[in-house]
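Residue numbers (UniProt numbering), protein chains in the order written: chain A, 1 to 605; chain B, 1 to 473.
Treat the hints with care, as some may be off.
Stated by the list, open to error - Straight-line Cα separation of at most 25 angstroms, SDA-like style, residue types lysine to any residue; simulated pairs: (1) B:LYS367 with A:LYS399; (2) A:LYS512 with B:LYS374; (3) A:LYS184 with A:ALA513; (4) A:LYS512 with B:ALA426; (5) A:LYS399 with A:LYS380; (6) B:LYS378 with A:ALA513; (7) B:LYS374 with A:ARG412; (8) B:LYS378 with A:ARG412; (9) A:LYS399 with A:GLY194.
To be verified - Away from chain A, derived, C-beta distances all over 12 angstroms, residues of chain B: (10) LYS66; (11) GLY70; (12) TYR188; (13) ALA189; (14) LEU192; (15) VAL315; (16) GLN379; (17) LEU380; (18) GLN381; (19) MET434; (20) LYS463.
Hints were generated in silico from the structure; no laboratory data involved.
Think of the CB as a built atom: it goes at the ideal place given N, C-alpha and C, for glycine as much as any other residue.
One letter stands for each residue in the lines below.
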Amino acid sequence: KTQVAIHFLRSLPLLSLSKLPLHTFSHYNSTMHSSLSLSISFPRTSPAIARSNYTFELSLVSPSKPLNLRFCGLRKEAIGFSQLKLSESHRVLVSSRRHSKKLSASLSDNGSPPKSFDYDLVIIGAGVGGHGAALHAVEKGLKTAIIEGDVVGGTCVNRGCVPSKALLAVSGRMRELQNHHHLKALGLQVSAAGYDRQGVADHANNLASKIRNNLTNSLKALGVDILTGVGTILGPQKVKYGKVGFSDNVVTAKDIIIATGSVPFVPKGIEVDGKTVITSDHALKLEFVPDWIAIVGSGYIGLEFSDVYTALGSEVTFIEALDQLMPGFDPEIGKLAQRVLINPRKIDYHTGVFASKITPAKDGKPVIIELIDAKTKEPKDNLEVDAALIATGRAPFTKGLGLENINVETQRGFVPVDERMQVVDADGNLVPHLYCIGDANGKMMLAHAASAQGISVVEQVSGKDHVLNHLSIPAACFTHPEISMVGLTEPQAREKAEKEGFEISIAKTSFKANTKALAENEGEGLAKLIYRPDNGEILGVHIFGLHAADLIHEASNAIALGTRIQDIKFAVHAHPTLSEVLDELFKSAQVNAHVSSPVSEPVAV
Amino acid sequence: MAHLLNSSFIPSSPSLRRHSIPSSPSLCTPRKPQIQAKIREIFMPALSSTMTEGKIVSWVRSEGDKLSKGESVVVVESDKADMDVETFYDGYLAAIMVDEGGVAAVGSAIALLAETEDEIAEARSKASSPSSPSSSAATSASPPPPALEAAVANLAPSPPATVAKATVTASSVHPASAEGKRIVASPYAKKLAKDLKVDLSGVSGSGPMGRIVAKDVEAAAAAGSAAVSTTAAEVPKPSGAKVAASPGIELGTVVPFTTMQGAVSRNMVESLAVPTFRVGYTITTDALDALYKKIKSKGVTMTALLAKAAALALVKHPVVNSSCRDGKSFTYNSSINIAVAVAIDGGLITPVLQDADKVDIYSLSRKWKELVDKARAKQLQPHEYNTGTFTLSNLGMFGVDCFDAILPPGTGAIMAVGASQPTVVATKDGRIGMKSQMQVNVTADHRVIYGADLASFLQTLAKIIEDPKDVTR
């Protein structure tokens, strides 16, 4: 038992690392910003006090007195610390927890909720969302189990953000070594850079297993029961799980979270053979590097893979159904990104077309792609390529969940939920004690969004009302250079401004003016701020440039905490750092009504 | 430092060479004398040094508008940014020749500016006449439509433009396509074709399933340029082998050097500080020609054979492979790296065959092909063009029988090779015979290499070439 505790402590730094929002593996989605519930019920204290509370609580926080701030960004920051505290005070609890008794299947009492429960919380799906929820549940003292039918870590860790980051790390270095112009400007000489495909593939695979083990160990160390098998809801507060060919087990839980995630979406007419016509699942194994690969879809996934493939020597053809590439991004950022990430590379594209039929390579024939006009459906063109990657987004993985047992109907496969992630049944009523987080609800298909939603749900079931502000959740695309964003795009902000009758302003700064960026000889980039000039509220921030994915958090935290531009512009940034790009950005914004800010310094009376 | 043949071969945009476009984004440089000053063409400006074409984002003003000097007329998207472009003259925007979303090459007319209202109609008729060098929208990466081709032809064509025409007419039409109906070309091949102005319909593909890949486009461009490369200087010659003005040169104009040409110029002047002398030799090539015929099918090129022969001779005469760096000492180079001068797009570059004495002739030939491909794609690494210890320059293919070369600073010797020609010779036994002979002429730095050194080097070289059994070893 002592060993367990030690192991737990050791695994913590890794654990908090793996939980930080470095995962992005989602597709642009029209529902992405559907919940605009800006419920900033900031306590009417001064920010100075709020801020000092924050630090104070962090240093002295204990599991029995958790932070009760409503903002996801802050919570995420806080979790790493509070877990550390938890490790000490809960050590006894952790080591004394026993595996729960497993009941054999008995279907006789379906429909009536049990009186006592095996668990306080059962989570179906051990992806990043489920993992985040489980960790927070333990912190809250809930007896927790997690059901996983496949591998711990889910898409993100095994087939998504994590291995793709390994490939992108390689592609970034390849790009640097191949960019002779850039190297020359730095005074470097490098002769022909090369790579070993298997070595690259192994790096991605090793990273995935490492993170998966960290996740598994952290769950075990905290005393979360990992139940293996496919979870199905039998009735209120009752779930069965089991492997194919074995008898099912039934467990009861006070609350249930569905966190089953998503799978790559493959449109009709496309035959995936896993060799020449592939999804991200296959591509991440990097079994071969084709000379010419067509990528269907130019969202995050497609864009990241185009970065990987072109760095490794492939030529890429994008197939995009909408009229422009990168439709999910702020148009200005998209345009700049296209100039840097698409035009100078060995990439061409067809926009406004669907790939109506894709036939894998066989019998000496190449992969054949039939393109039709997205609007008229007329045949447009045929492509013959060596491989095709289907990156048309992701579809919820909600089949076999037994939702019919509780009168819930999915919508396009997504589990309908309210703003608190509570499941809504076919009649529009809330299903008590049942929640759905992450890709399965389709609110915002990002790994860290799932985790934040999970934490929000745990807050609620442990008695604290909590609504997650999705507009404060950042997103990033890990191309070279990176793209990141939080909040609204400019068109979205303009629409909202018109509807609600306020003005918006735009501020922009260039990486070209940043000392650190110039030192790296990476001056290409733009940061863009969309804000309300009347009160200084930040509506959206978009960054394209070196380390954009790391830079966005200053903005996302500001949105999460409700910090206004007139306050954040006084924050000090180390010089010279890339963070000064945002410093400049905030300073260049013109806020008119300084007085309208709810902020005032505490004054002794 | 400073190898005359090889420093700063920065690809220059052809457009910059063709016309001296003002660096500021201003319009309306009267270009053609036949266009009256009253109606001016508005050209696509060069907004950056790497810009070859620009896309019209939007016309700020519309046809018929009165413009005054300094006003924004059009927003142009270059490879770097969107920029407002302003007019240089007062007048009326008479005719827009490239619509919004359209792409035009730098220097081509995108609109006409009339000085008075009366001339608007005249300008419009000019704009609609077929000779007007406009380019229609070609935003897609598809092979250039005929309109673009026409524009290229009218655009005071640069060498690559001429290439395009030469290619189209020269190569047998064998479009790589599915069922012969359409062109299948990889994304990069399409981009290159656009840059090098190669019409893909005339290119045969060597990629999978007959697909056109980048190297096919490069080869097509090279084949075209070989036909017209007489305009390019093969070897630095101060007198300059100027062939009659090619279609790309406008007579009566002063055209500034490109970066590459500027570097060559500097190196040429620098070379005057080196005391050089020349020694010539006539070598019989019958045996070499026979050998070449025999192994040609294995991909061996004459360039590789000559480089190999020179390298083998240098092994025995290390002083000819040496150089004088400081005016006080010999620098004996540890390896024999043969640089070979190659004419390229208005300049020249010297790819280097490293360790030519040690590498076998077949590998050397393959290496040479790779270097030439890279040179064409402007992807040579510094070590692939500035590590030469001995330079070879061959103008034989043009029928030149004898010439002398300028010594690249930093090296000891350069050998100029003329054409191998059937010659009537008297043999030692008093007969008259016919032999193929070529003249070589070595220029060397007399501070380190003396007359006797060169003479014995040439004697060795002649022996090797006349009995080339060692070359294939």
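(request) Grab the minimum beta-carbon distance between B:LEU192 and chain A and tell me whether it stays above 12 angstroms. (result) violated (9 angstroms)
(request) Grab the minimum beta-carbon distance between B:LYS463 and chain A and tell me whether it stays above 12 angstroms. (result) Consistent with the label, B:LYS463 stays out of reach of chain A, its closest Cβ about 36 angstroms off (over 12 angstroms).
(request) Compare the distance between the alpha carbons of A:LYS184 and A:ALA513 with 25 angstroms, and conclude whether the hinted pair is satisfied. (result) holds (21 angstroms)
(message) Between the alpha carbons of B:LYS378 and A:ALA513, is the straight-line distance 25 angstroms or under?
(response) violated (31 angstroms)
(message) Check the hint pairing A:LYS512 with B:LYS374 against an upper bound of 25 angstroms on the C-alpha distance.
(response) violated (32 angstroms)
(message) Against the 25 angstroms threshold, does the CA-CA distance of A:LYS399 and A:GLY194 hold or violate the hint?
(response) Distance ~44 angstroms between A:LYS399 and A:GLY194 Cα, so the pair is violated.
(request) Run the C-beta distances from B:LEU380 to all of chain A and say if the shortest one exceeds 12 angstroms. (result) It is violated; B:LEU380 is separated from chain A by about 10 angstroms at its closest Cβ, not greater than 12 angstroms.
(message) Holds or violated: A:LYS399 and A:LYS380, Cα atoms, limit 25 angstroms.
(response) violated (35 angstroms)
(message) Does B:ALA426 sit within 25 angstroms of A:LYS512, going by the straight-line distance between their CA atoms?
(response) violated (73 angstroms)
(request) Decide, holds or violated, for the assertion that all CB atoms of chain A are farther than 12 angstroms from the CB of B:TYR188. (result) violated (4 angstroms)
(message) So if I understand the rule, the pair passes when the alpha-carbon distance is 25 angstroms or less; does B:LYS378 with A:ARG412 pass?
(response) violated (52 angstroms)
(request) With 12 angstroms as the threshold, tell me whether B:LYS66 passes as away from chain A on beta-carbon distances. (result) Label holds. Min Cβ-Cβ 32 angstroms, cutoff 12 angstroms.
The earlier numbered hints that this structure contradicts are 1, 2, 4, 5, 6, 7, 8, 9, 12, 13, 14, 16, 17, 18.
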